[in-house]
Every structure is written in C-alpha cells, then in structure tokens.
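Position chain B against the provided structure of chain A, taking the given hints into account.
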Amino acid sequence: MTARRPMLLLALLLAASTLPLAGMAAGQGEANATNPPPAASARVQHEDDENARAEGERRFHANCGRCHQSPHKLPPRMMATIVRHMRVRATITDEDMRLILRYMTQ
Amino acid sequence: MLPLSPNSRRSKRRFFAALLALFLAPVVHAQSQGQDSEAISPVPVFTMGTGFITTFEGGTPHLGPLVAPLILVPVGQKWLFETRGTIEADLAPPPGSDDFKGSAEKSVDYVQLDYIANRYLTVTAGRYLIPFGIYNERLYPIWIRNLQTDPLILPIGGSEYGAGTGAMVRGGFDLAPRVELNYAAYFSAHSSVSHMESDRSAGGRAGIFLPGPRIELGGSFQHLLQEDRTNSFGFHFEWQPPPVPLDIRAEYARSHDGSGYWIESAYRLSQSPVWQSALRHVQVVARMQQFYAGAGESDEMADVDTNQFEFGLNYYFRDDMRFVSSYGRQFSPDGNENIWTLGLTYRLALPLWPGGGK
Numbered sequence: 001m002t003a004r005r006p007m008l009l010l011a012l013l014l015a016a017s018t019l020p021l022a023g024m025a026a027g028q029g030e031a032n033a034t035n036p037p038p039a040a041s042a043r044v045q046h047e048d049d050e051n052a053r054a055e056g057e058r059r060f061h062a063n064c065g066r067c068h069q070s071p072h073k074l075p076p077r078m079m080a081t082i083v084r085h086m087r088v089r090a091t092i093t094d095e096d097m098r099l100i101l102r103y104m105t106q
Numbered sequence: 001m002l003p004l005s006p007n008s009r010r011s012k013r014r015f016f017a018a019l020l021a022l023f024l025a026p027v028v029h030a031q032s033q034g035q036d037s038e039a040i041s042p043v044p045v046f047t048m049g050t051g052f053i054t055t056f057e058g059g060t061p062h063l064g065p066l067v068a069p070l071i072l073v074p075v076g077q078k079w080l081f082e083t084r085g086t087i088e089a090d091l092a093p094p095p096g097s098d099d100f101k102g103s104a105e106k107s108v109d110y111v112q113l114d115y116i117a118n119r120y121l122t123v124t125a126g127r128y129l130i131p132f133g134i135y136n137e138r139l140y141p142i143w144i145r146n147l148q149t150d151p152l153i154l155p156i157g158g159s160e161y162g163a164g165t166g167a168m169v170r171g172g173f174d175l176a177p178r179v180e181l182n183y184a185a186y187f188s189a190h191s192s193v194s195h196m197e198s199d200r201s202a203g204g205r206a207g208i209f210l211p212g213p214r215i216e217l218g219g220s221f222q223h224l225l226q227e228d229r230t231n232s233f234g235f236h237f238e239w240q241p242p243p244v245p246l247d248i249r250a251e252y253a254r255s256h257d258g259s260g261y262w263i264e265s266a267y268r269l270s271q272s273p274v275w276q277s278a279l280r281h282v283q284v285v286a287r288m289q290q291f292y293a294g295a296g297e298s299d300e301m302a303d304v305d306t307n308q309f310e311f312g313l314n315y316y317f318r319d320d321m322r323f324v325s326s327y328g329r330q331f332s333p334d335g336n337e338n339i340w341t342l343g344l345t346y347r348l349a350l351p352l353w354p355g356g357g358k
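Protein sequence lines, in the order shown, are assigned to chains A and B.
Counted the way my numbering counts, the first sequence spans residues 1 to 106.
Counted the way my numbering counts, the second sequence spans residues 1 to 358.
Take the hints with a grain of salt, since some may be wrong.
Below, simulated DSS-like cross-link-like pairs (lysine-lysine); rule was C-alpha separation at most 27 Å, straight line [as the list claims (entries may be wrong)]:
#, chain 1, residue 1, chain 2, residue 2
1, A, Lys73, B, Lys78
2, A, Lys73, B, Lys358
3, B, Lys358, B, Lys78
No wet-lab data here; the hints were simulated from the structure.
With the rest of the complex left out, here is chain A:
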C-alpha cells in the first residue's frame, strides 16, 4: 500500500503535466485542420497587418490631425513615450493609442 502511493502521485503528476501539452496538441490539431496551408496563412497574416496598418493610419490622421500636421515617424521607444503623452494631453482613447503606436512603429 505504501509503495503504491508514490506511484499514484507520479501518475497524477504525469497526467497533470501532459494535460496542457495534450490541450496544445489538440488546439494545434484543430488549427491545422481549420487553418489554410502556409502560403494562404501568410497571405491572411499579411492582410491582417495591412488592415491594422490602414486602421492605424486612419486613427492617426483623425486624432493627431485635430491639432497639428502629421509628424514623421520616430524610433519606436520614443514613439511609445510620445503616444502616451498624447494619450494624456489630447485625451485619445486607449484603443486609438495602441493602433496609432502600431502604425507609427511599423
């Protein structure tokens, strides 16, 4: 009985450790089943990026253009600070801030 307890514990731990892996594998399997092949997937990704870029550009002109001419792009880490400054100064929304930052750092 006492020799069986560590084995039971071991089996439980193994099961617990494999659950997330199994979940991931299942998810991967589903993804593989539903996702398009690599070339199509890259195209979808490219379209998503383009849509995000277009939306970011639209919000950039709508928000930043309220006060000043469009500034040129700055290095990403500087841009992150300036967009946060604008979040406070121009009371732009959280979503606008994220999309504008993404657009300005692409």
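Just chain B now, kept in the frame of chain A:
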C-alpha cells in the same frame, strides 16, 4: 516505509525536478505566446518647440525668440512625468530709440505626474495646463499654432496664468461605435510661487469626437474660488473634413471680464493640380475674431470691443520646421492697426536613454 539511501533520495529529487520542469514548460510557453508582441518599452524623451518670430504692431517691430523645452519620463506601463517650460523675449525699441530693449520671461507651463488608471481614467497631479477650450492645452505650442498671435479670448477660463496647481482627472473612451467622449475635471489651489503662480479654481471640459467625419464639439466651465468668484464658460468646435486637407477650428468663451469668439480655417495645398511639388508644402490660414469687453478689469484682455482678422501663409520645409508669416488688422475704439508676423518655427525630439533612438 523503508528509509531511503542518500543516493536514492538525490535521484528522487532530480526526478521530481525534471517532472516539475516538464509540468511548467507548457505553462511558460503558453505565457510567452500570450505576451503582447507590440509591447515597446518607452524611454525618456526630450523635445522642444522653438522659434523666432518678428511682429510688427502698428509699425513697431518686436523681436520674439522663444524656446519651450519639454521632458517626458515614462515610468512602468502606467505613469508619465512631464514638464514644459517657456523662455521668451519681447525685444522692441523704446520710443525715440533704435536699440531693441526688453527682458526674457520664464515660466513653468506644467510639471505633472500622470497615472493612467484604466482606459477611462487618468489622474494628474502637480501643475497642469487648465483644460478650458482647445487653444490653451492643445494649440498653444509655437510649432503647432497656425497663426503666431494669441486669440483675444485666450485668457478667459485659463485664469491669469493658464495653469493650475492641484489635481485633475481626465480621459477619453468610446461612448458608442465611432463616437468618442473626452473629458477633464480639475481643482486648482492658489499658488504664489515665482514662475508657477495659479488661482484657486475648479472646472472642466467635455467633448464629443466623431472620428468618421472628424468633428469635435465640446464645452468648458470654470468657477473662480477667489476674489469675485466669477464663472466662465465656453464652447469649441473642430472639423477636419477627411477628403480635403482643411482644418476648421472655432472657440467661443464668456466671462465677467469679456466674451468673444474666433474661427480659423487652414488649408494645406497638397492637392493642388499645379506646381504640386512646391505647393504641397504651403498652408494658407485665415482667422476672424471678435471680442466684447466685459464689466471686469483684466490686464490680460482688451478693455474695449475689438475685431481682428488675419491671413497667414506657412511653408513647411519638413513637418517639424516651417516658415510662418501673417498679416492682420485690428479694429478697436483705441485705434486701428496692422499686425504683421514673420518667423521660423522648429521642433526637435531626442531620446534621453541609451538605445532610445533605435
């Protein structure tokens, strides 16, 4: 249970460590997959608006060099420290003299600490620009303003100093799809600290922004909590019609000391069918304003009814450097006069942290 030997105890520990690593690996992997790939670590930034504006008021030249340094220090993901100062001079020849004389004025526009509490609320403490209308907070910097002269109603609602000392809550969020609300509410204490003066007041501003047609409409209110305890209120309007590079802005403000409005349109000739490469850098501006003197006596505002119109022509060498010029005429019972401005404005931005420029 039989006692385990040291060797078997060690190997058992190794086995459980390996098991733990096996157990945690997917979790760590999943977390790393879930991290925001766009997370960019912000760095402290030094930025500055500067310019040299020559103004001719009624034939008298005024030389106006101006430097307005701004330091931004982000802390973590939710904090921002920001401070801006202005050093400017007004050099003009005294009557009967050809020598330019004057003095430099220094002021601390704001020194504030912002805490972005959530998507709806940012808390600001320190010295801040008073959120009344749009000009004082958004359009005032020399590199932003389309015309270099101040609107006649600018002192209304900004109390005497344009800044308050205390606390403010503000934010902007989606009210409905394609409708955004922005707001600010503040309380300011009296301050007599040199270059950082402020009045005791409370007030706020709220606006609705429609990002589709790019229209903003809003209103502001201020109650002075000292002296004659007067109220001021105002409205603002902005429109940038998306198909054309046109900006239309207007403000109305009313107080015990006076009331008035200004309306400004600025058109960038970037869609010009002729000489496009040269004209796309050109911006033409027009502004009309009327001021009606009130019952109070403010040193900051005209004490007689005044009308003024101005036309401006700006040339953008780059988005951060431009040549500015304007002609205006002011009509008042004290006498009519021409106002000319001519100058250069420039804005720079530098990282204050190693690696910030990458």
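* **Given pair status - lysine 78(B), lysine 73(A), alpha carbons within 27 Å** => holds, 23 Å
* Asked: Straight-line Cα separation of lysine 358(B) and lysine 78(B) no greater than 27 Å?
  -> holds, 22 Å
* Asked: Quick one, are lysine 73(A) and lysine 358(B) close enough, alpha carbons at most 27 Å?
  -> Distance of about 12 Å is within 27 Å: holds.
In summary, this structure violates none of the numbered hints.
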